[in-house]
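Engineer: Since the structure of chain A is already known, use the hints to place chains B and C on it.
Protein chains in written order, with the numbering used here: chain A, 31 to 314; chain B, 23 to 248; chain C, 187 to 413.
Hints in this document: simulated from the structure, not taken from any laboratory.
Keep in mind that a hint or two might mislead.
Said to hold, decoys possible - Mimicking DSS-like on lysine-lysine, the simulated pairs with C-alpha atoms at most 25 Å apart in a straight line are:
#, chain 1, residue 1, chain 2, residue 2
1, B, 198, C, 325
2, A, 143, C, 281
3, A, 147, A, 202
4, A, 180, C, 325
5, C, 408, A, 143
6, A, 147, C, 281
7, A, 147, C, 325
Claimed, not checked - Computed list of chain A residues with no C-beta within reach of chain C, every gap over 10 Å:
#, residue
8, 62
9, 69
10, 74
11, 75
12, 129
13, 138
14, 164
15, 244
16, 245
17, 250
18, 285
19, 302
Said to hold, decoys possible - Reference listing, derived: stretches of chain C covered by chain B, where coverage requires no fewer than 3 residues with Cβ under 8 Å from a Cβ of chain B:
#, stretch
20, 258 to 271
21, 357 to 371
22, 386 to 397
Glycine included, C-beta positions come from ideal geometry on N, C-alpha and C.
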Amino acid sequence: MNAQLDKSFMTEPESTLHIEPSSLHAASAKPNPIVSYQSIQKSFGDLHVIKGIDLDIYPGEKIALIGPSGSGKTTLGRMLMTLEEPTSGTILIDDEPLWQTELKGKRIRANEKHLRKMRSKVGMVFQHFNLFPHMSVLNNVSMAPRSVLKLTKEEAEEQAIMMLRKVGLDQKLQVYPSQLSGGQKQRVAIARALVMQPKVMVFDEVTSALDPELVGEVLFVIKEIADEGQMAMMLITHEMEFAREVADRVVFGADGLIVEQGTPEDIFTNPQSERLQAFLKRFL
Amino acid sequence: MWNWDYVIELLPVFLKAFPVTLGAAFLGFTLSIVFGLLFALAGRSAFWPIRWTSRAIVEFIRSTPLLVQVFFLYFSVPMLTSFAMSAFITGVIALGLHYGTYMSEVFRSGIDAVPRGQWEAATALHLSKRKTWLSVILPQALPPVVPVMGNYLIVIFKETPTLMAITLVELLLTAKTEVSASYRVFEPYTIVGLIFLVVSLIFSIGVRRLENRLSQRENPGGGGKR
Amino acid sequence: MLQLNSSARLEMNMPLLEWLPLLLDGTIITIQVALLSAIVSLLLAIAAGLGSISRYVFVRGFAKGYVEIFRACSLLVLLFWVYFALPFLDIELSKLMAAVLAIGLNVGAYGAEIVRSTIAAVSKGQHEAGIALNLSGNKRMVRIILPQAAARMIPPFGNLMIELLKSTSLVYFITLSDLTFEAMILRNNYYIWTPHIFGLLLLIYFVLSSFISVTARLLERKLTVWR
Numbered sequence: 031m032n033a034q035l036d037k038s039f040m041t042e043p044e045s046t047l048h049i050e051p052s053s054l055h056a057a058s059a060k061p062n063p064i065v066s067y068q069s070i071q072k073s074f075g076d077l078h079v080i081k082g083i084d085l086d087i088y089p090g091e092k093i094a095l096i097g098p099s100g101s102g103k104t105t106l107g108r109m110l111m112t113l114e115e116p117t118s119g120t121i122l123i124d125d126e127p128l129w130q131t132e133l134k135g136k137r138i139r140a141n142e143k144h145l146r147k148m149r150s151k152v153g154m155v156f157q158h159f160n161l162f163p164h165m166s167v168l169n170n171v172s173m174a175p176r177s178v179l180k181l182t183k184e185e186a187e188e189q190a191i192m193m194l195r196k197v198g199l200d201q202k203l204q205v206y207p208s209q210l211s212g213g214q215k216q217r218v219a220i221a222r223a224l225v226m227q228p229k230v231m232v233f234d235e236v237t238s239a240l241d242p243e244l245v246g247e248v249l250f251v252i253k254e255i256a257d258e259g260q261m262a263m264m265l266i267t268h269e270m271e272f273a274r275e276v277a278d279r280v281v282f283g284a285d286g287l288i289v290e291q292g293t294p295e296d297i298f299t300n301p302q303s304e305r306l307q308a309f310l311k312r313f314l
Numbered sequence: 023m024w025n026w027d028y029v030i031e032l033l034p035v036f037l038k039a040f041p042v043t044l045g046a047a048f049l050g051f052t053l054s055i056v057f058g059l060l061f062a063l064a065g066r067s068a069f070w071p072i073r074w075t076s077r078a079i080v081e082f083i084r085s086t087p088l089l090v091q092v093f094f095l096y097f098s099v100p101m102l103t104s105f106a107m108s109a110f111i112t113g114v115i116a117l118g119l120h121y122g123t124y125m126s127e128v129f130r131s132g133i134d135a136v137p138r139g140q141w142e143a144a145t146a147l148h149l150s151k152r153k154t155w156l157s158v159i160l161p162q163a164l165p166p167v168v169p170v171m172g173n174y175l176i177v178i179f180k181e182t183p184t185l186m187a188i189t190l191v192e193l194l195l196t197a198k199t200e201v202s203a204s205y206r207v208f209e210p211y212t213i214v215g216l217i218f219l220v221v222s223l224i225f226s227i228g229v230r231r232l233e234n235r236l237s238q239r240e241n242p243g244g245g246g247k248r
Numbered sequence: 187m188l189q190l191n192s193s194a195r196l197e198m199n200m201p202l203l204e205w206l207p208l209l210l211d212g213t214i215i216t217i218q219v220a221l222l223s224a225i226v227s228l229l230l231a232i233a234a235g236l237g238s239i240s241r242y243v244f245v246r247g248f249a250k251g252y253v254e255i256f257r258a259c260s261l262l263v264l265l266f267w268v269y270f271a272l273p274f275l276d277i278e279l280s281k282l283m284a285a286v287l288a289i290g291l292n293v294g295a296y297g298a299e300i301v302r303s304t305i306a307a308v309s310k311g312q313h314e315a316g317i318a319l320n321l322s323g324n325k326r327m328v329r330i331i332l333p334q335a336a337a338r339m340i341p342p343f344g345n346l347m348i349e350l351l352k353s354t355s356l357v358y359f360i361t362l363s364d365l366t367f368e369a370m371i372l373r374n375n376y377y378i379w380t381p382h383i384f385g386l387l388l389l390i391y392f393v394l395s396s397f398i399s400v401t402a403r404l405l406e407r408k409l410t411v412w413r
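So that you can see chain A by itself, here it is in the shape it has in the complex (with noise of 0.2 Å):
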């Protein structure tokens, strides 16, 4: 069912169904949030990483998370992808708790069961994009919707070669990912993230394991999924320009806390943090 809704916003993607997320929160009567954050820490070992971060997505939202390095901006997005559980605080995705799921009336740590019910709404983009070396570029896409949705082959591959033209690979479908350039890979696993149709995506630093010449074709991909809408993005990059181009939101963390955070507008011509000043300083 999720698959023939999905299917008939594809074939039209021009669609104006979806209302725009900006002025959706823009409005008095705000939904609830897609995904919300609540007073979450992560501690590994010793080095305490996340110190109490409160965040809300709403549904369609792009989020861009910056700061400095080993600021918590990938555990964040970890966390929502089930890769790392967080030490305390609580995510709801839907109201509903990720890492948490009740038993006889008492909440217990969530099984796997619950687990898997969860990440069917997440979707992420990794650093090294961690394609499947073993597979054609058409299996690494069409492989999940299979397995995990059930869809038949034929079903599977239509919506995979579908992906595919829409990140401009269709015509590499055979090929291995050993033979594609490195941003030929990332643009693979777009493709296959987007075709589970998550209600949240998390492109991890996306661009940071690219040569330089690389990134442009990878951003523009993303952009211009996002203008489609309907799916909300957490992007933790350090592209600046992108960012500003791309985000509903942005949000600067440091040091495992968030420092500010407003519109593109706001973080980037009017910081008012003398950390975000000075973060930004290096950038511009």
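Structural biologist: Chains B and C only, in chain A's frame:
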């Protein structure tokens, strides 16, 4: 069914055979290091006939069973050369040759792990070939592979029973002799099995300690896992 | 059959044709033992290799215990124990079964280490990509991790199978009529040809080993078309 009195009777007998097993293992190990170095160096010779011959010999020895090599050395060499060796000497040479081919592979990985700059520095200092090998390359190539060599000591130790085929009176042949004298099978073979098990486990704990010590001392360099 | 006039005999041609039937019988037995113990050892290697990364402590402990103990065992002693001592526990095995069990147990322990270490060598990012696509734990293992690990397993497993082939010669000690055993019989009957017989024996083993390494190389090429 397990007779402790018989076990106590057996222990001194095995105690006598144990040094033979250990001796063959240690001497075979020592010889395998010598052969291993020779094979490794010959395998890198600039003169291709030496290089190819050495590699072919290594390939052939590695591809054929130790037992057959032992037979060949013990029964054929005297007929071909009128030069006979004792079972012990034959066994040690066979172990040394056979595991020398494995050892050469270990040394090769160690030598390959020495950075190219070291060779270039030796050339820049006008060191002789001999000097380069002895004071620059080998001192860096060998320490990282010591644990892997240790593993081969264990392997060689476990292979010594093969030498009973040429009547070397080591632990297993001793047990077999006891069995045919007493008709009690279970105790002698079980005891020999336990001796090998315990000694191997003790050796491997030692090797693991060595490994940890080496890996704590900065990068361990190349050593194949085995 | 004792040859008194050996110099006269040596001038004759090597009676290879007379040896062939026996050597052929021996080769068939050797291949039979090797194939059967290869199957046993591969099954054990996969079971213990996967077991040693199981999430259940009990399974992990069992797998690691098996690997530690049987790697520390001397194969020939194990073979003697299985064939001669086990009957005293009322477990009587045929020569072939004893050989296959002993070799399989021993080689399987080494194979388990190959399985474990090649799985561990697949990068963490591959697991994470599987999680991000919401694949189940089993699917991640079967579809993503194992195919990549399998490609890395082939070369070390090829070497291990050569070790296995070589170790089949030990069945000579329990008088299973393999190649080595038949060669020893030939040697009794054609004493003066001893060096030739053993030379031939070494050559046959070398050919069999080469067959294994060629197979391994072809298999590796097939499993790594994506590289």
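Engineer: Each hint needs a verdict: does it hold in this structure or not?
Structural biologist: The hints, checked one at a time:
no.	hint	verdict
1	B:198 - C:325	violated (51 Å)
2	A:143 - C:281	violated (50 Å)
3	A:147 - A:202	violated (32 Å)
4	A:180 - C:325	holds (13 Å)
5	C:408 - A:143	violated (36 Å)
6	A:147 - C:281	violated (55 Å)
7	A:147 - C:325	holds (16 Å)
8	62	holds (23 Å)
9	69	holds (25 Å)
10	74	holds (14 Å)
11	75	holds (17 Å)
12	129	holds (14 Å)
13	138	holds (18 Å)
14	164	violated (5 Å)
15	244	holds (19 Å)
16	245	holds (20 Å)
17	250	holds (22 Å)
18	285	holds (25 Å)
19	302	holds (35 Å)
20	258 to 271	holds (count 11)
21	357 to 371	holds (count 5)
22	386 to 397	holds (count 6)
Hint compliance for this structure: hints 1, 2, 3, 5, 6, 14 are broken, all remaining hints hold.
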